[in-house]
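Asker: Here the protein sequences come in this chain order: L and G.
In short: position in the first sequence from 1, add 1416, done, that's our numbering.
Once you know that position 229 of the second sequence is 224 in our numbering, the rest is easy, because the numbers rise by one and skip nothing.
A few of these clues could be false.
Residues of chain G clear of chain L, computed beta-carbon distances all greater than 12 Å [unchecked claim]:
1. I1
2. S6
3. S59
4. R85
5. V91
6. F99
7. Y111
8. P123
9. L128
10. G132
11. L144
12. I161
13. F208
14. P258
15. I269
16. L279
30 Å max Cα-Cα, derived DSBU-like pairs, lysine-lysine [unchecked claim]:
17. K1626(L) x K1489(L)
18. K89(G) x K1436(L)
19. K1547(L) x K118(G)
20. K159(G) x K1541(L)
21. K1489(L) x K89(G)
22. K159(G) x K1547(L)
23. K1598(L) x K1444(L)
24. K1436(L) x K84(G)
25. K1489(L) x K275(G)
26. K1570(L) x K1626(L)
27. K1539(L) x K84(G)
28. K1532(L) x K159(G)
29. K1638(L) x K1426(L)
30. K236(G) x K1547(L)
31. K1535(L) x K159(G)
32. K1626(L) x K1638(L)
33. K1638(L) x K1570(L)
Think of the hints as simulated: they come from the structure by calculation, not from any bench.
Ideal Cβ positions, reconstructed from N, Cα and C, are used throughout, including at glycine.
Single-letter residue listing:
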Amino acid sequence: MGRPNIVEVKNLSAAYGQSKVLFDVSLKIKANERVSIVGRNGAGKTTLLKCMASLLAPTNGSVVYDRTELVGKQSYEVARMGLKYIDQDKHVFLDLTVRENLELSSYATGDYDWDKVFKHFPKLKILIDRKGAYLSGGERQMLMVGRAILGDPKVLLIDEPTEGLAPSIVDDLVTTFHELSKDCAILTVGQNLSFVSRIAERIYAMKEGKLVAEITDAAEIKNSSYSHYL
Amino acid sequence: MIQMNIQLIISAIVLGLSMSGVYFLLTVGLSLCYGLMRMISLDQFFYYALGAYMVYTITSLTGSFLLGALGAMLTTLVVAFVVERLINKRVYSKPVMFSMILTFGVNLMGVGLIKYVWGLTPKPVASPIGGSLNILGTSVPGYRIFVILLAVLVYLAVQYFLNKTILGTAIRAGIDDAEKVKALGINISRLFTVTFVLSSVLSALAGVIHAPFVMVSPEMGMSITAFAFMVVIIGGLGSIKGTMVSALIVGQVVSLGALIWAPLAEMAPFLVMIFILLIKPTGLYGSKLMNR
Chain L
1417 MGRPNIVEVK
1427 NLSAAYGQSK
1437 VLFDVSLKIK
1447 ANERVSIVGR
1457 NGAGKTTLLK
1467 CMASLLAPTN
1477 GSVVYDRTEL
1487 VGKQSYEVAR
1497 MGLKYIDQDK
1507 HVFLDLTVRE
1517 NLELSSYATG
1527 DYDWDKVFKH
1537 FPKLKILIDR
1547 KGAYLSGGER
1557 QMLMVGRAIL
1567 GDPKVLLIDE
1577 PTEGLAPSIV
1587 DDLVTTFHEL
1597 SKDCAILTVG
1607 QNLSFVSRIA
1617 ERIYAMKEGK
1627 LVAEITDAAE
1637 IKNSSYSHYL
Chain G
-4 MIQMNIQLII
6 SAIVLGLSMS
16 GVYFLLTVGL
26 SLCYGLMRMI
36 SLDQFFYYAL
46 GAYMVYTITS
56 LTGSFLLGAL
66 GAMLTTLVVA
76 FVVERLINKR
86 VYSKPVMFSM
96 ILTFGVNLMG
106 VGLIKYVWGL
116 TPKPVASPIG
126 GSLNILGTSV
136 PGYRIFVILL
146 AVLVYLAVQY
156 FLNKTILGTA
166 IRAGIDDAEK
176 VKALGINISR
186 LFTVTFVLSS
196 VLSALAGVIH
206 APFVMVSPEM
216 GMSITAFAFM
226 VVIIGGLGSI
236 KGTMVSALIV
246 GQVVSLGALI
256 WAPLAEMAPF
266 LVMIFILLIK
276 PTGLYGSKLM
286 NR
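Modelling step: build the complete structure from the supplied sequences, incorporating the hints.
Answerer: Below you can see the structure in the form of structure tokens.
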């Protein structure tokens, strides 16, 4: 028996003012699945993730997470329910230390078990009293994911996780995401084909606000044969 | 002659410090509201006046300034909570001009209400602390020293709250980026309410401690507006430390300026503000990050 769907997006459309950016997007993510969305800049990838996380209200359609409709809910409610969004700008709270960043997430979720964070990102334990402003891009990405896994989310939506990161850190992220997917589904969006090929079990291609292809064949994913969508 | 000058200077410094205390209490809320909600909360001047009137009324009825101060802060807490929930929360996501216009309206309504309830005649509030302190041969009123100490105490308490409590940490994070705080799973709307109510209670406390220095009048909030904005702008919007340092500067510039040449008391703070903004447009402790 296959894994159940944890997220089901149906006919989702979105717009910024008069400008429509998403058109009838439908997709599914299974529990503990690693899915990637690829597409050029402006294809609507980030908008889709923001709609799923309730950070942007869609104009039409639905997002069902764990049998609950998310459209109309506040983003903080969605995060508490276990669907977390990690932004592409590697923004941690600059004036807050790593400890304070984690404390905030613990406060929001009631989960104070930081061992699981340090298990995946042992470096954060060393940097615990360092302010966000003094972390490198890779360290910020670790902290953002570390913050997000508190509260045992079932889905992580991660926007451009490798942008601006050194290849060695990207390698570490691949391992970490594989580990994390034992506990939750991961949906990443991006254009780093090497990264996508190494983590994704399934790929959606987006173009001009629409999903134009679904790639499920492992060989196709490994060979990056979907690169023409970028 | 020299002795008299020293006495005048000491008196002016103490007067300036006590004014700094009032400015700080009034502007810390403005700064917090802008920092977190990106809102220019002009209704803080109403809470300042309301605090002064409530301390006048309760002190007159009970004879206890302490009860008056507590009653003033409690009343303001309730009024600010209602205003925030019913009115202000509707403009948080809108450009800052909306909050300015809306809260200016609340301020005007508040002043009208004060005029209706207490009338137009200014009211006196007796100083709760008599006696004086001798500093280098200069007699300094005890109440002024009390105001200075209270402002320092409130500054330390606000710093403790922001830096050592989880709610304060969340507010600091929200000042950096409120959207990201929501994405963590924190109800930012509740945080806005807490910040607004706390700011308003501090504004009321400013009115309470200022009342014995001045005659309590409906327009007292309006008359301190320019100085309050100077403090916030010089210190840097959203910075508590900046607000404190700026309040100290403005307080001293006003009192020592008046000692040199009376019109300087009004002019000099503006000159200082222009000078600082030319060197550092974000204010002394303003952050370039606050561009949301």
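Asker: Now look at each hint and say whether the structure bears it out.
Answerer: Now the hints, each set against the structure:
With a minimum CB-CB distance of about 43 Å to chain L, I1(G) clears the 12 Å threshold, and the non-interface call stands. Every beta carbon of chain L lies more than 12 Å from that of S6(G), the smallest distance being close to 39 Å; the non-interface claim holds. With a cut of 12 Å on Cβ distances, S59(G) stays outside the contact zone with chain L, its closest approach being about 39 Å. Consistency note on R85(G): stated as away from chain L, and its beta-carbon is indeed over 12 Å from all of that chain's, at 16 Å minimum.
No Cβ of chain L comes within 12 Å of the Cβ of V91(G); the nearest lies about 20 Å off, and the non-interface call holds. For F99(G), the shortest C-beta to C-beta distance to chain L comes to about 28 Å, beyond the 12 Å cut-off, and the non-interface label holds. Taking the minimum C-beta to C-beta distance to chain L, about 39 Å, the non-interface status of Y111(G) holds against the 12 Å cut. Under the 12 Å C-beta cut-off, the non-interface status given to P123(G) relative to chain L holds; the minimum distance is some 38 Å.
In this structure L128(G) is separated from chain L by more than 12 Å, as the shortest Cβ-Cβ distance comes to about 39 Å. G132(G), annotated as away from the interface, keeps every beta carbon of chain L farther than 12 Å; the closest lies near 45 Å. At the 12 Å boundary, the C-beta of L144(G) stays outside the reach of chain L, the nearest C-beta of that chain being 29 Å off. With a least beta-carbon separation of about 5 Å from chain L, I161(G) fails to lie farther than 12 Å from that chain, contradicting its non-interface assignment.
Taking the minimum C-beta to C-beta distance to chain L, about 35 Å, the non-interface status of F208(G) holds against the 12 Å cut. Every beta carbon of chain L lies more than 12 Å from that of P258(G), the smallest distance being close to 41 Å; the non-interface claim holds. With a cut of 12 Å on Cβ distances, I269(G) stays outside the contact zone with chain L, its closest approach being about 28 Å. The claim that L279(G) is not at the interface with chain L holds, since no C-beta of that chain comes within 12 Å of its own (minimum 16 Å).
Of the supplied pair hints, the one linking K1626(L) and K1489(L) holds, its CA atoms being roughly 24 Å apart against a limit of 30 Å. Distance hint between K89(G) and K1436(L) is fulfilled; the C-alpha atoms sit about 22 Å from each other, no more than 30 Å. Of the pairs offered as hints, the one joining K1547(L) and K118(G) is violated, with about 50 Å between alpha carbons and a cut-off of 30 Å exceeded. Straight-line distance between C-alpha atoms of K159(G) and K1541(L) comes to about 20 Å, which keeps the hinted pair within the 30 Å bound.
For the proposed pair K1489(L) and K89(G), the alpha carbon gap of about 20 Å is at most 30 Å, so the pair holds. With a C-alpha separation of about 15 Å, the suggested pairing of K159(G) with K1547(L) holds against the 30 Å cut-off. Using a Cα cut-off of 30 Å, the hinted pair K1598(L) and K1444(L) holds, with the two alpha carbons roughly 18 Å apart. Between the alpha carbons of K1436(L) and K84(G) the distance comes to roughly 28 Å, so the proposed pair stays at or under 30 Å and holds.
As the CA atoms of K1489(L) and K275(G) are separated by approximately 42 Å, the hinted pair breaks the 30 Å bound. Using a Cα cut-off of 30 Å, the hinted pair K1570(L) and K1626(L) holds, with the two alpha carbons roughly 25 Å apart. A C-alpha spacing of about 40 Å is found between K1539(L) and K84(G), which places the hinted pair above 30 Å, so the restraint is violated. Among the hinted pairs, K1532(L) with K159(G) is consistent with the structure: their alpha-carbon atoms are about 25 Å apart, no more than 30 Å.
In summary, the hint linking K1638(L) to K1426(L) is supported, as the alpha carbons are separated by about 28 Å, within the 30 Å threshold. A threshold of 30 Å between alpha carbons decides the hint, and for K236(G) with K1547(L) the separation of about 18 Å falls inside it, so the pair holds. Of the supplied pair hints, the one linking K1535(L) and K159(G) holds, its CA atoms being roughly 27 Å apart against a limit of 30 Å. Of the supplied pair hints, the one linking K1626(L) and K1638(L) holds, its CA atoms being roughly 23 Å apart against a limit of 30 Å.
Straight-line distance between C-alpha atoms of K1638(L) and K1570(L) comes to about 26 Å, which keeps the hinted pair within the 30 Å bound.
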